[in-house]
Amino acid sequence: MAKANKTTKTNAIRLLDQQSVPYSLHEYNVVDGQIDGVSVANKIGQPVEMVFKTLVASAGPGKVYVFLIPVDKELDLKAAAKSAGEKKVELIPVKDLLGLTGYIRGGCSPLGMKKLFPTFIDQSAKNLDEMIVSAGKIGMQIQLKPTDLIANTKGEFALISRSL
49 MAKANKTTKT
59 NAIRLLDQQS
69 VPYSLHEYNV
79 VDGQIDGVSV
89 ANKIGQPVEM
99 VFKTLVASAG
109 PGKVYVFLIP
119 VDKELDLKAA
129 AKSAGEKKVE
139 LIPVKDLLGL
149 TGYIRGGCSP
159 LGMKKLFPTF
169 IDQSAKNLDE
179 MIVSAGKIGM
189 QIQLKPTDLI
199 ANTKGEFALI
209 SRSL
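Each residue of the sequence shown is one higher than the last, beginning at 49 in our numbering.
Read the hints as simulated data drawn from the structure, not as lab findings. Zero decoy hints are in this set.
Think about it this way: if two alpha-carbon atoms lie no more than 27 Å apart in a straight line, the pair counts; the simulated BS3-like pairs of lysine-lysine are: (1) K163 - K57; (2) K111 - K136; (3) K126 - K202; (4) K174 - K163; (5) K126 - K174; (6) K111 - K135; (7) K91 - K174; (8) K202 - K135; (9) K162 - K193; (10) K174 - K136; (11) K121 - K143; (12) K202 - K136; (13) K163 - K193; (14) K121 - K202; (15) K121 - K136; (16) K130 - K163; (17) K143 - K162; (18) K121 - K163; (19) K130 - K174; (20) K162 - K57; (21) K111 - K126; (22) K143 - K130; (23) K130 - K193; (24) K111 - K163; (25) K202 - K174; (26) K193 - K57; (27) K162 - K202; (28) K163 - K126; (29) K130 - K162; (30) K57 - K202; (31) K162 - K136.
Fair warning: this is a prediction, and the values are worked out from it, not measured in the lab.
Starting from the given sequences, assemble the full structure and let the hints guide the process.
Okay, here's the thing in structure tokens:
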């Protein structure tokens, strides 16, 4: 598995390198503006079931949660709240994402955020040998084992997605 070169290191990549976690990088062209998850999966030639988007939600001040779901699904907010032990969660406004996580929309990685937030990964990842998440920069994705992602985010699997 490849290591990133110095110019492309993001916090997510640095974290994996520090922990000696095997991963591979996928880079894709962003000039067409097509950075939605399904387009990204197509650009890197990987099945949509393997590519996950990172969503950040809140249940009120100081209660921030990270949810990873397949790019062709949507977050079931009720199921997400239940997984987090909350009555209700709402996605945080895009304008708050950078300040909270250190990442921007379209390049938000579950790895290497400013703080380690409770993380929930859709149950479907359990059946995968490897999954793909943002590397922390638009145009870059990290492929790794779901168990390695769980270990490095202190995450857990949960039923949190539904079909679009």
